[in-house]
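Asker: Take a look at the letters that make up each chain.
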Amino acid sequence: VSRVTVTPDPFTLIAYDAKEIAAIVEDCAALVGVDPGVDIGVAVDEELFAPLVGTTADVVDGRVEIWISGGNLENTRQPRTFAPEQARRDLTIALLRAKDRLSDDFAAAPDDGRLSRGERAAWDVYAVGRAARLGAPVRRQAQLYEFRLQHGFTDVADAAFDRLWQAASITWEGIREICKETGAADRPDSKIPVDLLRRK
Amino acid sequence: MKKFLSESELARDERFVRTKIEDRLFDPRGAKVAARNTGPAKMAVDRPAAAERSRSLMHGIFVGEIQALEGAGRTCYDFDDDAAPFQLKLDMARQCWDESRHCEISVKLGDHMGTEIGEYTESTFLFAAACNPDPVLRLCGVNRALEGLAIDVFSSMKDFGSQSGDPILEFCEDWMLADEVTHVKMGSDWLRRLTEKDPERRERALEFQRTVDAIFNLGGFRGEDEENPIQLARKFRELAGFTDEEQDSLAELARQSTEQARQMAQMATAALDVSAQGGGS
Numbered sequence: 164v165s166r167v168t169v170t171p172d173p174f175t176l177i178a179y180d181a182k183e184i185a186a187i188v189e190d191c192a193a194l195v196g197v198d199p200g201v202d203i204g205v206a207v208d209e210e211l212f213a214p215l216v217g218t219t220a221d222v223v224d225g226r227v228e229i230w231i232s233g234g235n236l237e238n239t240r241q242p243r244t245f246a247p248e249q250a251r252r253d254l255t256i257a258l259l260r261a262k263d264r265l266s267d268d269f270a271a272a273p274d275d276g277r278l279s280r281g282e283r284a285a286w287d288v289y290a291v292g293r294a295a296r297l298g299a300p301v302r303r304q305a306q307l308y309e310f311r312l313q314h315g316f317t318d319v320a321d322a323a324f325d326r327l328w329q330a331a332s333i334t335w336e337g338i339r340e341i342c343k344e345t346g347a348a349d350r351p352d353s354k355i356p357v358d359l360l361r362r363k
Numbered sequence: 109m110k111k112f113l114s115e116s117e118l119a120r121d122e123r124f125v126r127t128k129i130e131d132r133l134f135d136p137r138g139a140k141v142a143a144r145n146t147g148p149a150k151m152a153v154d155r156p157a158a159a160e161r162s163r164s165l166m167h168g169i170f171v172g173e174i175q176a177l178e179g180a181g182r183t184c185y186d187f188d189d190d191a192a193p194f195q196l197k198l199d200m201a202r203q204c205w206d207e208s209r210h211c212e213i214s215v216k217l218g219d220h221m222g223t224e225i226g227e228y229t230e231s232t233f234l235f236a237a238a239c240n241p242d243p244v245l246r247l248c249g250v251n252r253a254l255e256g257l258a259i260d261v262f263s264s265m266k267d268f269g270s271q272s273g274d275p276i277l278e279f280c281e282d283w284m285l286a287d288e289v290t291h292v293k294m295g296s297d298w299l300r301r302l303t304e305k306d307p308e309r310r311e312r313a314l315e316f317q318r319t320v321d322a323i324f325n326l327g328g329f330r331g332e333d334e335e336n337p338i339q340l341a342r343k344f345r346e347l348a349g350f351t352d353e354e355q356d357s358l359a360e361l362a363r364q365s366t367e368q369a370r371q372m373a374q375m376a377t378a379a380l381d382v383s384a385q386g387g388g389s
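Here the protein sequences line up with chains A and B, keeping their order. The first sequence lines up with residues 164 to 363 when you count with my numbering. The second sequence lines up with residues 109 to 389 when you count with my numbering.
What the hints contain is simulated information worked out from the structure, not anything from laboratory work. Just so it is clear, the structure is predicted and the values come from calculations on it, not from any experiment. Check before you lean on any hint, since a few could be wrong.
Lysine-lysine pairs mimicking DSS-like chemistry, simulated, CA-CA at most 25 Å apart [to be verified]:
{"#": "1", "chain 1": "B", "residue 1": "Lys343", "chain 2": "B", "residue 2": "Lys293"}
{"#": "2", "chain 1": "B", "residue 1": "Lys343", "chain 2": "B", "residue 2": "Lys197"}
{"#": "3", "chain 1": "B", "residue 1": "Lys111", "chain 2": "B", "residue 2": "Lys216"}
{"#": "4", "chain 1": "A", "residue 1": "Lys354", "chain 2": "B", "residue 2": "Lys150"}
{"#": "5", "chain 1": "A", "residue 1": "Lys343", "chain 2": "A", "residue 2": "Lys354"}
{"#": "6", "chain 1": "A", "residue 1": "Lys363", "chain 2": "B", "residue 2": "Lys150"}
Put together the whole structure using the sequences plus the hints.
Answerer: If you want it as structure tokens, here you go:
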């Protein structure tokens, strides 16, 4: 089992339990097949609430570093309460992307803070499609909408979405090719950092 | 059937979860987030959590449409023909038809964005504006303040649809926007007719409208700057019968609300920091 650390511990603004989150991360890591020798750090930003959601998944010196907004773990029907199933889903997706980073297929991928929005949206679809096949309660239409916002509301973009969703294996180069195909690679850079929510 | 229904008596099925505005106001995270840079509040594809924020707003619009339907419906029933002429009730009945259609469109837009009914909580403070026992004040609260807000919301959503290249959102919002302009126009016309010989009542009604407008500006929700998620739609408001003077007054009110929200966030953050350091009384 991977060694998991969750911060903050304890939470001070909201009644989340670091141990409960760590147990979920351990389960998800085993489910997606993260090497048990890899340590995992999860930083929950307890100041953020829904709909200010976001995650990053990087690998630093062989250790998986996940940052996640408290909003991703929050029950939108009962604000300020923890939503275990939703947490399980979003942490599974983050860990799938982290596992990608541990493989040679994504060795050339920049850190999450330096990905373009198009690259991130495409990679997310690849991860969410796999999470769905692992039994996570994902929302396909929500993912399609996120993808369309960055890749366009076009037939080309929708076809690319389907390929990413169904893909059993894809590489970083494959993600970049899809961004070229939909035109997302040609979109001008935004002045707003892609990981702005992570920056305090 | 009961007349003058309070907001606590609104009928909802088990999918809906009601929340109080105080729950959000007293959430300690609110002050922390207000002090952070979470990107431009104005809707755009490159702002953080763009999709989730759009879905959340779309759900808010949907429940707002239900409450607008309920408000117009109550006005058809709550007053006798002396207090509210039959022609006014006919206008309100037509508005009910429009709002019902908006509810259905909003549900479909929610499906399009990947959300579902009840995924977010409902606050009923919009309906509260429709509970005034004076039909003229109610008309001002609903058809000029609430429907005026709807003009701003739909105009902002239409712009977002256009900017994101989403033809479904842009088209739907444009059609609903046209209805809202008509609703405000009806409110403006009936205000003039019903208070033609009673300037004092007209002023009371306009004062009530300003109070409701101030609530809708809460926390800088609406304004003319990048930090306001909903932009004041001056062009469409003009079509609906708002004067330049009214628009300038509303814009000033919105600026004051945004500044108050900023100051409150700074004070709350300072108080939380003192508390975290073990200070305070």
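Asker: Determine which of the earlier numbered hints do not hold for this structure and return their numbers in increasing order.
Answerer: Hints 2 and 3 are the ones this structure does not satisfy, whereas the remaining hints hold.
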